[in-house]
Amino acid sequence: MMTQAASLHGLRLLVVEDETLVAMMLEVMLEGFGCDVVGVAGTVKRGLAYASDESLNLDGAILDVNLGGEEVYPIAQRLTDRGVPIVFCTGYGLKGLSPSFAHIPTLAKPYLAEDLEGLLLSALASHRSH
Amino acid sequence: MISALRQTFSRSARFATLAAVAAAVGLLVVGLSMAMFNENLSRSEKLRDVTVQADILSGSVTAALAFDDSKLAQEYVDALGANRDVEAAGVYDLNGKLVAGYARPGSSAPAVNRVGPPSLANDHIVVSRPIAQSGTALGSVYLRTVSEPFARRAMRYAGIGLLIVMAALLVAVLGASNASLAVAHRKLKVEMEERARTEEALRVSRELEAAAKMEAAAERSRTALRQSEQQLEFALDAGRLGSWTVDVASGRLTASEYFLANYGLAPDAQVRTISDLDQYIHPEDRDRQRRARRNAIRGGADFEAEYRTISPEGDVRWILIRGHAGKDNDGRVRRMAGVSLDITGRKEAEERQRLLLDELNHRVKNTLATVQSIAVQTRRDTLDAAAFERAFLARLAALSRVHDLLSHVSWVGASLADVVRQTLAPHLLSGERSSRLVLEGPDLALGPNAAVTLAMAFHELATNAAKYGAYSVETGRVEVRWQADDPKSPSLIEINWRELGGPRVEPPTRRGFGTRFVERGLAREFDGEVQLEFAPGGVRCQMRIPLSAKLRMAA
Chain A
5 MMTQAASLHG LRLLVVEDET LVAMMLEVML EGFGCDVVGV AGTVKRGLAY ASDESLNLDG
65 AILDVNLGGE EVYPIAQRLT DRGVPIVFCT GYGLKGLSPS FAHIPTLAKP YLAEDLEGLL
125 LSALASHRSH
Chain B
2 MISALRQTFS RSARFATLAA VAAAVGLLVV GLSMAMFNEN LSRSEKLRDV TVQADILSGS
62 VTAALAFDDS KLAQEYVDAL GANRDVEAAG VYDLNGKLVA GYARPGSSAP AVNRVGPPSL
122 ANDHIVVSRP IAQSGTALGS VYLRTVSEPF ARRAMRYAGI GLLIVMAALL VAVLGASNAS
182 LAVAHRKLKV EMEERARTEE ALRVSRELEA AAKMEAAAER SRTALRQSEQ QLEFALDAGR
242 LGSWTVDVAS GRLTASEYFL ANYGLAPDAQ VRTISDLDQY IHPEDRDRQR RARRNAIRGG
302 ADFEAEYRTI SPEGDVRWIL IRGHAGKDND GRVRRMAGVS LDITGRKEAE ERQRLLLDEL
362 NHRVKNTLAT VQSIAVQTRR DTLDAAAFER AFLARLAALS RVHDLLSHVS WVGASLADVV
422 RQTLAPHLLS GERSSRLVLE GPDLALGPNA AVTLAMAFHE LATNAAKYGA YSVETGRVEV
482 RWQADDPKSP SLIEINWREL GGPRVEPPTR RGFGTRFVER GLAREFDGEV QLEFAPGGVR
542 CQMRIPLSAK LRMAA
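From first to last, the protein sequence lines stand for chains A and B. Per this note's numbering, the very first residue in the first sequence carries number 5; after that it's consecutive. Per this note's numbering, the very first residue in the second sequence carries number 2; after that it's consecutive.
Calculated from the structure, these hints are not laboratory results. Be a bit skeptical, because a hint or two may be false.
To be verified - Simulated pairs of lysine-lysine, DSS-like, Cα-Cα distance not exceeding 30 Å:
id, chain 1, residue 1, chain 2, residue 2
1, B, K47, B, K72
2, A, K49, B, K489
3, B, K489, B, K468
4, B, K72, B, K98
5, B, K98, B, K47
6, B, K348, A, K49
As the list claims (entries may be wrong) - Selected chain A positions facing chain B (in silico; Cβ < 10 Å):
id, residue
7, G14
8, M33
9, G73
For each residue, glycine too, the CB sits at the ideal point set by N, CA and C.
Can you make the complete structure from the sequences, with help from the hints?
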């Protein structure tokens, strides 16, 4: 646990989530992991702005797939293009994912803090191994 | 025919009767003639007999007369008495004077006799013959005999007549029976002819009847076929079913108007073969459709496929094809036939339903995530389980109420005023609603997420007001006023929460979930600005929210 906790500690993360309450819970959970939530976006427009901002020095991003009817894929594409590892959180489950992002680690809502932590660790670890 | 028959019958009967009567009359005439001839013959024979007897007497008495021996003459005359027919006899001398005579009682020989011709009376014959010797007259004899007695003659003639009558009757009966036989024969012949004609008519009639029956049966089956075709066509039309037939060898297609319409084609579209249709099938579905077709032809299986068609105008429709391969005696598939149905509506409905189910699932999952978020964050703010439960359930209730509101408007465009009124209702008695809550502003419509977020924000503000602010005392009230930045072309809405008449406000010592939610959550949700001010006279909250799909002026 110590090594895992240490591995997420201080990571600068972007949260893209249109449900305010869910976004706030994510913040609470991530802060509990010792992460630094550097941006929370509820729209594709704002999310793209964060994703393009290199000054944020993002270590990863947690993206909701559906943002009030809009799909999050442009943000996901921007981040993966930049080499920023991402994970999806979605209420649609895995089958709702676009085939080109089917390999992205995905968490189905609602999820436990432990599940999120485990997913982030594996996603970021697999990223670091590259 | 019957009258002719009667005529024929009566004519021949009449003829036969006449013939019989004529024959009978003829017989009677012949019989009478013969009787008369017989009468004459018997009279002349009698006369001859009497004459011969007279001559014999004459010869016998010649000598007696010559010798005037009247006694001898008398002997000869008396000898005649043996003949019962002799009534009277006499021998006369040359002077005519009676020499010897004999007579039966009641009769007498005439006193004088002269030789003359015999006399034939009705009941007797009288003959006078001369007595001569060597050419010398000596006297004469007189002989009177009875002719045949009347009764005897009558008896004789009656027998003859009876025979004649019987013969006539026989002839008549024979003739009549012959005639009746002829009539019967003719009648039989007529009847046989009539019967033959009747049988022929019956046979013809039976043949006609059979032919009529066959024709009627044929007409019935034609009618049934026509009806069945009409019913099929009606059913196909009513069901908007297209029908089609493909000749497998040539690929030739025969298709109904509805079939062409399913492809978005006009009734006169140039579609001759099955291949002509390929261009109207959606490229993504073409291979699948062909494969299903080939499998059906190869395996003789039923053909069923759902695929998209693209009309010449570019309209995409979904159609369902069902067909069956018809095999010939060799088991080869000669042709396929089937129906087509436009299932665009069904496909769209299925798609809508799928989207709805996905959306429902998404909402439920998001709602659960929301509840989870409320639970997690409420726990951080509360010291004990009882406080957690109270705060958590109050928040769930607020969430539930806004969901009620949204479901009333089918999750489209809840009004801001309704959201505020609904959220604050638990803090107000029914009589206080107008006095302790002032709502003022233009009609605004909220999207579902925006409604939930605003409801949660107002719930947090109201809960705080009930604990520490305007709603913690009976005289306090809340004003919520909102307005557009520019009424003509609004781009931003400013919503102001203001508490009045409550106790003096002290700034909170720590920021809990409510404060964080109003300040950060709300601002993030709407990409707007939120200022929460714990002013001593009452809490104020100013929200500046740009108009978007989430919050817009109601139409």
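Hint-by-hint comparison with the structure:
no., hint, result
1, B:K47 / B:K72, "29 Å, holds"
2, A:K49 / B:K489, "27 Å, holds"
3, B:K489 / B:K468, "40 Å, violated"
4, B:K72 / B:K98, "15 Å, holds"
5, B:K98 / B:K47, "27 Å, holds"
6, B:K348 / A:K49, "34 Å, violated"
7, G14, "22 Å, violated"
8, M33, "7 Å, holds"
9, G73, "8 Å, holds"
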